[in-house]
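So the sequence lines, in the order shown, correspond to chains H and V. Residue 267 in our numbering sits at position 228 of the first sequence; the count goes up by one each step and never skips. Residue 283 in our numbering sits at position 266 of the second sequence; the count goes up by one each step and never skips.
Calculated from the structure, these hints are not laboratory results. Idealized CB from N, CA, C, for every residue including glycine. Keep in mind that a hint or two might mislead.
No more than 30 Å apart at the CA atoms, straight line, and that leaves these computed lysine-lysine pairs for DSSO-like [claimed, not checked]: (1) Lys-238/V / Lys-316/V; (2) Lys-341/V / Lys-238/V; (3) Lys-242/H / Lys-128/V; (4) Lys-71/H / Lys-316/V.
Distance windows between CB atoms, simulated [said to hold, decoys possible]: (5) Glu-241/V / Gln-283/H: 19 to 29 Å; (6) Lys-238/V / Lys-236/H: 49 to 59 Å; (7) Lys-204/V / Gly-93/H: 20 to 30 Å; (8) Ile-231/H / Pro-62/V: 48 to 58 Å; (9) Thr-179/V / Arg-262/H: 15 to 25 Å; (10) Glu-261/H / Glu-328/V: 27 to 37 Å; (11) Ile-231/H / Ala-141/V: 43 to 53 Å; (12) Thr-179/V / Glu-109/H: 44 to 54 Å; (13) Gln-145/V / Lys-236/H: 45 to 55 Å; (14) Lys-238/V / Ile-267/H: 18 to 28 Å; (15) Gly-248/V / Gly-148/H: 46 to 56 Å.
The residues making up each chain are set out below.
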Amino acid sequence: MKIAVCIKRVPDMESRFKIAASGTAIDETGLKYDISDFDAYAVEVALQINEKAGAGETTVICLGPDAVQETIRKALSMGAEKGVQLRADAVPADSLAIARALAAELKDGGYELILFGKHALDTMTGGAGTMAAELLGLPCLTAASRLEVTGARATARRELEGAAELLEFPLPAVVTIDEGIARPRYPSLKGIMAAKKKPLDVKPAQLGSVRVSVEKMELPAERPPGRIVGTGPDAVPELVRLLQTEAKVL
Amino acid sequence: MPNILVVAETRGGELRKVALEAVTAARALADAAGGGEVHALAFGPPGLAGKLGPLAAHGADRVIACEHAAYARADGESMSATIALRAAGFPLVLFSATAQARDLAPRVCVKLDAPLLSDCLTVALSGQSVVATHSTYTAKLVATLKAGPMPVVVSVRPSAVTPAEKARPLSAETIAPAADPAASRVKVTDVVTSGGGKIDLGEAPVIVSGGRGLKEKANFKLVEELAGAFGNAAVGATRAVTDDGWRPHEDQIGQTGRLVSPDLYVAVGISGAIQHLAGMRTSRTIVAINKDPEAPIFKVADYGIVGDALEVVPALTAAVREAKKGH
Ligand SMILES: Cc1cc2nc3c(=O)[nH]c(=O)nc-3n(C[C@H](O)[C@H](O)[C@H](O)COP(=O)(O)OP(=O)(O)OC[C@H]3O[C@@H](n4cnc5c(N)ncnc54)[C@H](O)[C@@H]3O)c2cc1C
Ligand SMILES: Nc1ncnc2c1ncn2[C@@H]1O[C@H](COP(=O)(O)O)[C@@H](O)[C@H]1O
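With the rest of the complex left out, here is chain V (with noise of 0.2 Å):
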């Protein structure tokens, strides 16, 4: 009956649908295994408590809102101190594989003495250990992975779990740090908002991305209008125009950027080189708008379009529109 404990993401004091996603999971790997408890800590400025129902409605056991004015924002030395103390006991932590997480399950991991298994695509348990499927090698290669004996760390990739209710009534905490944030080493001097409101990568149902093939930076907004078209899209790049400026570098997929896996991906004007599919090939479906027949994006791609984006972008853009309007 293994008893989990989830770290369940919030950005500026709400929750994040990777939190969810990290729940569900949980609840699916105790009911398996015949049924543990499942706790879903979360980190926020006070008021984070009367926000974490949904964890509840997602499967968890018992929430616990750790509150301090500084958690605004992440505070690496401060968090994994008190995650480490909640996870005492523990054999499975689980996070969402964020930028978060990156930086807070490695400290938890030596802190616990457990190792580490990151950005899982599904996770199972196997005895005392922790079997779990991973993308390596640039996303060429898919290894199966056995961690153990538990307890075990393990990050779930973000999008890779679908939230599903399965209501637990509501049991909750409030908790005050392990440790003084004001005491941590790093310092947060400024917080740089690329485009408020904007849509994360991790977290949108879908991405259009725009390569090269858009030829200038100012018809990047061909690309934002098919992403506003749709209503819940992100805007991606390749790696050929974050070099260029055309884009910020954090709008950037693949295998030196962000490793994304939406509903649906449509590259715009980008060739399909192996280190852009790297972050992208395990999308749910894949749009491929090329001029060039050839273009190696077209052979991961579930349907293509060959021909020129600036003519083809803004006909799908207003199909789109009025596909939506007649939801």
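Chain H extracted, bound-state conformation (with noise of 0.2 Å):
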């Protein structure tokens, strides 16, 4: 089958982050980049239902600036085919705007399933999938946690608040992949040296109007330290004490 995924490069959120010198961004010195998790598992998905078929092409597209290249690779290394980068000097903020890019760029590929992440780690804005998917006019999934394709059809299963829904749809369509679902493999050695013979297309991303700015990027307010209230079984009176009369919550 005929697979795209749309993948993102985020940083490492494992970092301790400190705020750029402009107070907008992240400070990027030392920071460590890979694919976005949620994106990775939509690799990881992707790749086996091809294996499954025993035949397909999965296809990974990223927009961003040449240093995307290097998350490209990653995915090309998991298994991938081919990969895609729509060139853009920064990554905007806005995820309509770059859902038209990806849009464009997913439009006439001739695919039959297009996967995305539920949301991206650093934005957490879950926009572009659902947004690419209405533009492009396809049956859109959002937030999977599990999904078996058998010819034309797909089913998918769905966590929503307290309940899940078991949904039946027609390909192509577009699936945006919640965690559950397959967890992303290493890259093998000898996958790491087929990747850089694989094929990675550069493309100008046509993002028109961006109309989302950072305005700000903080650091979250500090919780005031907490204590340690006592040890044991013991410490329970305090606490649902002060859960009473302190906290207010009791």
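Could you fit the two chains together into a complex? Lean on the hints.
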């Protein structure tokens, strides 16, 4: 099956972030970058579908500056066949602008299945995939925690709050990927060598108008230092007293 | 004078608490800007219209019930078509940041050609733009975002706003969907509910969460009993626990699970890995029970007890039951 996966390059979230002098972005010095979690799951899902079918082709698409080529190579080393960079100097905070640029690339690609992450770990917007589906006029399944493809139809599971839905839809379609679906594989040495020779197209990103800007980036307000109330069950009465009188939550 | 369309979420034909939060947020925005109209649109099976009084009581100038037998469940394609139609001319469309909005809001953005500000902690109007704060980088940073010119679509983090009454005379309307739900391409074939009547994590004022420190699946009943003692609590879990199948995946809180901000979050046997903190650090009060005094969870906890969860939790359950009796 011809599958496209849209992946974003994001910093390692274990990093200790510092705010850049501009006050509107993170300081990128010394950060390590990787594929955004949910997008890596999506790559894994695509690879597994095609492995099971014994045929197919997975294309990964990433919008951003040339540094994203490293991210695309990582997906290629996992096993994707082709990479596309939509070159932009910077990645905007506007999911609709990103979705437009991705949809323009996806439109005539002949993909039967298009995968996104549920949200990108840096922006945490959760818009681009569903927006791209809408722009392309395709059915969309948002936040799938399970996905199975049989011929021209697919079934999926989506976790709602307090329930889960099982759904069925025709292909081509867009699916955004939630947690719990697949653990991304580590690239093998062979995969890493093979990735170097795989095609990576570079095209300009058609971002159009960008209407979301970051005005300020801050560390969250520190929680006031907490306190250890005590040790073992003996501390319970004091805790309950504090919850009643101080926190007023009981 | 910005008019605001609120999408008021329902479940099983009943308004959710988040719907009242969303209307409260919209009313406050409109009033702060000198007064615009707030219209609240809800979807549900026939009979819904009679249940929308609380939307007017919380500040909606007009309440619109879009009724269809199929709307016992959400349907993204037909609902987004109706929302976009009703939103024409509205500078602001406001959702609650729920699983349902994650599906609906981006579709509405495309139909209205409007940018999205999602899962906002605070929202304000500034001239022709909307300014919002939003937790980013797995909750390690807070971004202030500006979107505009309007129209803009925003979704507000559940529990970030406390519902407040500001009654308007009830002006109600019942409409049919703008697109036939039967024509939607994505079909729900089954709904799996885990434990009927359970309070949803996104709405519960109290969450009791368990981690690997509970040692085995069976001990989760201690957590459930504590939640039961509070009476208004939901049960959450860490990924270590959902991975091991002790709890269903939808109970997972954190970077790759649910993002929650209850009034009280009780972390039992949870180390406090950053990926877990990402989902709960905005909780109003945090209590941690952990046998390791060095566990990182104590850094974010307001109150901590160092001790064995298997001993502390039953004592706490009994004490909470007792305290609740006094009310
Ligand atoms: C990409 C990625 C995404 C992730 N996403 C999430 C996520 O969304 N949510 C999430 O939760 N995790 C997530 N994780 C996993 C996270 O890193 C931690 O591994 C996980 O949160 C640890 O769960 P835990 O606290 O239950 O277990 P542990 O880290 O094993 O902690 C157990 C704690 O219990 C204490 N303990 C032991 N015995 C007792 C006892 N008898 N009484 C009291 N305390 C006791 C220990 O001192 C310890 O602090 C993610 C990880 C990665 C890499
Ligand atoms: N710069 C990008 N390049 C490729 N895909 C992206 C990019 N940004 C976002 N996406 C995709 O859109 C999803 C949702 O992103 P967001 O709307 O920012 O949360 C991500 O999980 C990716 O699949």
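Each hint tested on the structure:
| no. | hint | in the structure |
| --- | --- | --- |
| 1 | Lys-238/V / Lys-316/V | 27 Å, holds |
| 2 | Lys-341/V / Lys-238/V | 20 Å, holds |
| 3 | Lys-242/H / Lys-128/V | 27 Å, holds |
| 4 | Lys-71/H / Lys-316/V | 26 Å, holds |
| 5 | Glu-241/V / Gln-283/H: 19 to 29 Å | 23 Å, holds |
| 6 | Lys-238/V / Lys-236/H: 49 to 59 Å | 56 Å, holds |
| 7 | Lys-204/V / Gly-93/H: 20 to 30 Å | 29 Å, holds |
| 8 | Ile-231/H / Pro-62/V: 48 to 58 Å | 55 Å, holds |
| 9 | Thr-179/V / Arg-262/H: 15 to 25 Å | 20 Å, holds |
| 10 | Glu-261/H / Glu-328/V: 27 to 37 Å | 32 Å, holds |
| 11 | Ile-231/H / Ala-141/V: 43 to 53 Å | 48 Å, holds |
| 12 | Thr-179/V / Glu-109/H: 44 to 54 Å | 45 Å, holds |
| 13 | Gln-145/V / Lys-236/H: 45 to 55 Å | 51 Å, holds |
| 14 | Lys-238/V / Ile-267/H: 18 to 28 Å | 26 Å, holds |
| 15 | Gly-248/V / Gly-148/H: 46 to 56 Å | 53 Å, holds |
Checked against the numbered hints above, the structure violates none of them.
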